[in-house]
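Participant: One letter stands for each residue in the lines below.
There are 2 protein chains.
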Amino acid sequence: MVKQERAVRTRRALVKAAAEEFDRFGYDGTSLAAISKVAGVSIGAVTFHFPTKVHLADAVQQEGRTVTLVALERLAAEAMTPLRMVIDLTLELTRLMEQEPTVRSAIRLSRERPGTEAWSDAWLPMVRGLLERAYENGQLHTDALPADVTLLVEHLTSGAEAYLRTRMGSDPAFESAVAQLKRVWRLALVGVSAEAPTLPRQADAPDQDQEEAGR
Amino acid sequence: MVKQERAVRTRRALVKAAAEEFDRFGYDGTSLAAISKVAGVSIGAVTFHFPTKVHLADAVQQEGRTVTLVALERLAAEAMTPLRMVIDLTLELTRLMEQEPTVRSAIRLSRERPGTEAWSDAWLPMVRGLLERAYENGQLHTDALPADVTLLVEHLTSGAEAYLRTRMGSDPAFESAVAQLKRVWRLALVGVSAEAPTLPRQADAPDQDQEEAGR
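Protein chains in written order, with the working numbering: chain A, 15 to 229; chain B, 15 to 229.
Quick caveat, the hints were computed from the structure, so don't treat them as lab data. Think of the CB as a built atom: it goes at the ideal place given N, C-alpha and C, for glycine as much as any other residue. Heads up, a few of these hints could be off.
To be verified - Derived CB-CB ranges, DEER-like: (1) A:V68 - B:V52: 20 to 26 Å; (2) A:T80 - B:R20: 52 to 58 Å; (3) B:A161 - A:E92: 42 to 48 Å; (4) B:T95 - A:D102: 33 to 39 Å; (5) B:R88 - A:A48: 43 to 49 Å; (6) B:R142 - A:G43: 29 to 35 Å; (7) B:D72 - A:H63: 38 to 44 Å; (8) B:R25 - A:R23: 52 to 58 Å.
Only chain A is shown next, with the shape it has when bound in the complex:
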């Protein structure tokens, strides 16, 4: 029993250490030896839990997806319009990128390991479904097709990740990627939302795109 708990703890510590290493150095730049050192776990214990780097990378990608899915489930339970939920979803994904090494690592690993499941598979179907509903509800600009808005969402989310990847570490005073994405959405939303023919002012009411722009 105690032994089993310890094994679970060790596994968790290894996935956490691996996420940090993969995030910083990539798949090829990371070794089991480095992970063993960072986790403070013997190399024998590492290979007992994860025989190869492939197993550890798979576990990190799985963990990043799980963390993402849990956050999205929480979001899906809230009461808001489908379009608003898409926007909040991108902000939540960006917050996860900013705060969760497993998520950043899952993104990087799925890019560096072609053939493995992409991180975006965890959320893109939800975005597509929400935008279809927003379109049917008349929430989207009649010329804004759900497929094109989905594409916009993919571009903005990748943009947030690229920004973080460049600034984290090199620029300690960097602006939050979430704050940046809000500024970008304010511009992009005008062509997307049927209810936002005018652009709300920058200065006031930073979170009221939908409400303000109604008139």
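Got chain A sorted already, so can you dock chain B onto it with the hints?
Facilitator: Using the frame of chain A, we list chain B on its own:
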């Protein structure tokens, strides 16, 4: 003389091979031995021209920047409004990503080698300058600040690269990233341009955002 020409040719072949390898396998996943093999050049000749991997990576990043700057100079010589030029610039950058391994490689390397010059340093100042002029000319929506539009441009350009990075290789029938970016711009431009209060239809006139939306 002939010897010098051969040296230039070898150098060029090495930078080309290195760009392809770094693009596919990243900085840590690439060895001088692999580059020597791909280029068909002995390892002795490789280290004669580039003593270490650092030297080769620097040369590839430099070449990617040069290719980018040459393309932008050509673009800058054309007669068009600053805002139109920003849009064409992002499409040209995306075309380069799609077709030039040195550019893709420069992007990946500057991400994986913190502290080296970022690829975006080659074009971001031009974007900022053009958007300042567009704002002064009244071409931008009065609520669309140049700094925010610059941020949008950065997000969309990173989005194009992420899309290419995911699809190239894994999906032979993938849609051109340039075509995708045009679809995204059609949505995003509505909140950016003072002259585009309505969204042009998808079906007709795929390249006439500015002209059509004037009324």
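Participant: Of all the hints numbered above, which does this structure not satisfy? Sort the numbers upward.
Facilitator: 3
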